[in-house]
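Peer 1: Here is what each chain is made of, one letter per residue.
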Amino acid sequence: MELFATIFAMTYQFGDAFAFLVISCAGLAVIFGMMGIINLAHGEFIMCGAYVTAASARAGLPLPLAILCGALVAGIVGMAIERTVVRHLYHRPLDSIIATWGISLIATQGVLIVLGSTMQGIGTPLGSITVGDRSYSAYRLVLMAAAIGLLVGLYLLFYHTRFGVIARATIQRPQMARALGVDTRRIYGLTFGLGAALAGLAGGLYAPTMTMVPTMGSTFIVESFVTVVVGGADIFVGAAPAAAILAVIKASLTAWYGQLFGQIGLLVAVIIVIRVLPGGLSAWLKRSKQ
Amino acid sequence: MPEVSGSFLDDTPVEQRSRAAIWLSRLEGPQTMGRGPVFWAVVVLAVLGAAIYPQFTNPFAVGNTAYFMVWTFMAMGLGVVWGYTGALSFGQTAFFGVAGYAYGILTINVGAAFGFTWVALIISVALAGLIALLIGYFMFYGRIRGVFIGIVTLSVTLVFETFMAQTAGPQWRVGDARLNGFNGMSGMPPLTIPWFGGDILLYPGIGLYYTLLAMVVLCYLGLRMLLNAPFGNVLVAIRENPERAEMLGYDIRLYQMLAFGLGGALAGLSGALYTAWGQYITPSSMGLTAAALPIVWVAVGGRRDITATLLGTLAVLYAFQTLTIYGSQYALIVMGALLVFTVLVTPDGLIATAMERIGRLFGKTRR
Amino acid sequence: MSEILSVSKLNKSFGGVTVARDIDFALQAGTMHCLIGPNGAGKSSFFRLILGEHAPDSGTISFRETDITRMRSFERIRRGISVKFQVPGIFKALSVRQNLEVAFQHHLHGHNLATTVRRVLEFTNLESEVETAAGVLSHGQQQWLEIGMAVGVEPQLLLLDEPTAGMSPDETRKTGEMLHELNGRGITILAVEHDMAFVEQIATRVTVLHFGAIFAEGTIAEIIDHPGVQEIYLGTADE
Chain A
4 MELFATIFAM TYQFGDAFAF LVISCAGLAV IFGMMGIINL AHGEFIMCGA YVTAASARAG
64 LPLPLAILCG ALVAGIVGMA IERTVVRHLY HRPLDSIIAT WGISLIATQG VLIVLGSTMQ
124 GIGTPLGSIT VGDRSYSAYR LVLMAAAIGL LVGLYLLFYH TRFGVIARAT IQRPQMARAL
184 GVDTRRIYGL TFGLGAALAG LAGGLYAPTM TMVPTMGSTF IVESFVTVVV GGADIFVGAA
244 PAAAILAVIK ASLTAWYGQL FGQIGLLVAV IIVIRVLPGG LSAWLKRSKQ
Chain B
28 MPEVSGSFLD DTPVEQRSRA AIWLSRLEGP QTMGRGPVFW AVVVLAVLGA AIYPQFTNPF
88 AVGNTAYFMV WTFMAMGLGV VWGYTGALSF GQTAFFGVAG YAYGILTINV GAAFGFTWVA
148 LIISVALAGL IALLIGYFMF YGRIRGVFIG IVTLSVTLVF ETFMAQTAGP QWRVGDARLN
208 GFNGMSGMPP LTIPWFGGDI LLYPGIGLYY TLLAMVVLCY LGLRMLLNAP FGNVLVAIRE
268 NPERAEMLGY DIRLYQMLAF GLGGALAGLS GALYTAWGQY ITPSSMGLTA AALPIVWVAV
328 GGRRDITATL LGTLAVLYAF QTLTIYGSQY ALIVMGALLV FTVLVTPDGL IATAMERIGR
388 LFGKTRR
Chain C
1432 MSEILSVSKL NKSFGGVTVA RDIDFALQAG TMHCLIGPNG AGKSSFFRLI LGEHAPDSGT
1492 ISFRETDITR MRSFERIRRG ISVKFQVPGI FKALSVRQNL EVAFQHHLHG HNLATTVRRV
1552 LEFTNLESEV ETAAGVLSHG QQQWLEIGMA VGVEPQLLLL DEPTAGMSPD ETRKTGEMLH
1612 ELNGRGITIL AVEHDMAFVE QIATRVTVLH FGAIFAEGTI AEIIDHPGVQ EIYLGTADE
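Residue numbers (my numbering), protein chains in the order written: chain A, 4 to 293; chain B, 28 to 394; chain C, 1432 to 1670.
Extracted from the complex, chain A is given alone in its bound form (with noise of 0.2 angstroms):
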């Protein structure tokens, strides 16, 4: 039973940081992958939707449809963004990069302006279990089922729907897509935006354990940015088993050192990869599938 115990208590810190990393990266990867941009803003779309999250659900809104609300608000600012700043930037992107670094200072900055240092949160729900003698929470285990979930529905968007294979499409040869009567720019906009409605969801979903400050973007963008270098540019053959990797990384390091050393190792396996591994564990993948 210790032993049962034991194992419990590795896989669920394990799940726990898988889903945290899958979850946190999900819509910086998409972004990236498909378009080749790098969107700083990232961690202020995680904000924007754990705000809305927290602020529908104690407006009365069951928690599942406040989480919608936020991945949606997100999304729609998204492609407000995207079409005001970055769609001059496409042939740019170290500029790209740039940009949405302002936008992040202005999101920040204007958030805790407006709302100040600080917002009510709104608990963990679904209380705890309890394994051998120590208890865990119920929600994180749902968290865990969301990043499968996630990686999922994702999977099924981009391989099984008419608007995942347009978008594949668009991204891996423009001039044709749009020879063949896609219309590009729109591609490039509903991308964007689903890339900040996942970090909006990423928000929403980890909103019932966090403090809300407009800061708390910042929690996620080195989890996320360090996953997608790892994984490289393709979201399902580099980011989930990166995520798998670092999440048993990290979930060591963290069991033994603390959470600190957790991110310091996290940092060194990344500058180990991609120093034997340029261009990350998708490049390496799809190169010894030849």
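Calculated from the structure, these hints are not laboratory results. A few of these clues could be false.
Unchecked claim - What follows is a list of derived Cβ distance ranges for each label pair:
| # | chain 1 | residue 1 | chain 2 | residue 2 | range |
| --- | --- | --- | --- | --- | --- |
| 1 | A | Arg-171 | C | Met-1502 | 34 to 40 angstroms |
| 2 | B | Ala-381 | C | Gly-1566 | 19 to 25 angstroms |
| 3 | B | Phe-83 | C | Asn-1556 | 43 to 49 angstroms |
Stated by the list, open to error - No more than 20 angstroms apart at the CA atoms, straight line, and that leaves these computed lysine to aspartate or glutamate pairs for EDC-like:
| # | chain 1 | residue 1 | chain 2 | residue 2 |
| --- | --- | --- | --- | --- |
| 4 | C | Lys-1523 | B | Asp-375 |
| 5 | C | Lys-1523 | C | Glu-1506 |
| 6 | C | Lys-1605 | C | Glu-1631 |
| 7 | C | Lys-1523 | C | Glu-1562 |
| 8 | C | Lys-1523 | B | Glu-270 |
| 9 | C | Lys-1605 | C | Glu-1560 |
| 10 | C | Lys-1523 | B | Glu-383 |
| 11 | C | Lys-1605 | C | Glu-1558 |
| 12 | C | Lys-1523 | B | Asp-203 |
| 13 | C | Lys-1440 | C | Asp-1455 |
| 14 | C | Lys-1605 | C | Asp-1626 |
| 15 | C | Lys-1440 | C | Glu-1484 |
For every residue, glycine included, the Cβ atom is placed at its ideal position computed from N, Cα and C.
Given the coordinates of chain A, work out where chains B and C should sit on it, guided by the hints.
Peer 2: Using the frame of chain A, we list chains B and C on its own:
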């Protein structure tokens, strides 16, 4: 080395110019804006103006201007790394922080006697440069490029911040120096100049002002010479077309790593000077907001020219401080908006674009 | 005559596409050697293998009796290989003079650098364009500038990828004269070329590549008379 068979060469001996003369001639050149007597007259006037400025103003303004000058080294370093080499680094504040903390730890432990503060400054800068070289080695020899350099450097600085922020406990100390976590370190001595009958303490004031002014001028002129030297030409060639530069026989990874190390050392110089200036340093100097500011200065000024970078940095710092009177949140919003505006409207930078216009007015073609 | 470059049993494929199939190739020092073959025959890939942009799956490459198979590109260049790409690989934002300086400053300094730049300008007929940004030169001038960048330090071996692509007949003729002059200075030249008239003007020896393998090799006359070559290459060129 290929054996140079020599028919394109001319072996007739000529009067060799001295090394110093060659380096001086590089003050002007293709990689930097501004040449000819008019330009240098303006430069001399600007330096003279800065030199007599303390006579016409109050001590607070003098100390404040010194504060602005502290930051220009980091900005010029970023200009070299981003503008000239084409590697967008978001992590200059990591090197700033490393050197700042190193200066604090060294001077708190050893003290300020016999001008040790300068030794501490040099050690701190060297340490920042070495760490930058190490990170640069992993990035450039790992063939990381483009946006990934930005992400890795940003992650480095944020992890540094997280690390320093959790050092509140009494176990986090180096010798006599407590790291103090989120509140940061304080109580280190300012720079001192050993002098008969007692050291001169360079508190924010006239002494520090002139010291910094001299350092800014030296650094600016030094970088102009370096950028117009073969080293600078190769950096620009790598930015323009890395594959071709390699096919001319250059180890581009080495050049990029060296440029990154130089940028890190300059950021470290700013960090150590900042710590000496205010006698404190906190982890937030490496946070996300702090990391954004050098990018704003350099992007708004103009990253591809060292003069535009320097002027832009001073202008943005001044504007930022003026706006901070209305609340630092508002100032940061303006900075963010300025960044978006610059990228969309004048991608070469506001100051650089303005300088080019002025240059054209005088009928001189740039570069 | 000695072999300046020798390639043995070189193989390379990308996914299912084989770009080099058991290539055995020897280049005699002092010759002007042309590499021809239909599109997709693996000519450019062969160059990239020699230059180290691609690593071969198997086989060896030796340059002046040193095995360079595992060396990085810049190390091969420093041993005396120079290259001019098909798409001009000049630095468009830099002036003609700066382009040349960047190309030569590795080996030359001060006075030697200045005179070499001047003589290469003379050689490439670009004296009047010395301060012009390279990006605004005419196509032919850009090609010459790049040839100049490749030969200023007098490499042992010059690789040229379609040196006359997009040139007018007059520019093509001048380029041929330039190459003869360079060859006369002792530079071995290996060129990929499509224009058979130009090949006749310069080549002492011709190698035909087809589907990544060497199909035929000989003097220009032998190649033109080779029935198989006419079929795969010259025949299709007439279409």
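Peer 1: Going through the numbered hints above, which ones does this structure break? Give me the numbers in ascending order.
Peer 2: Those not satisfied are hints 3, 5, 12.
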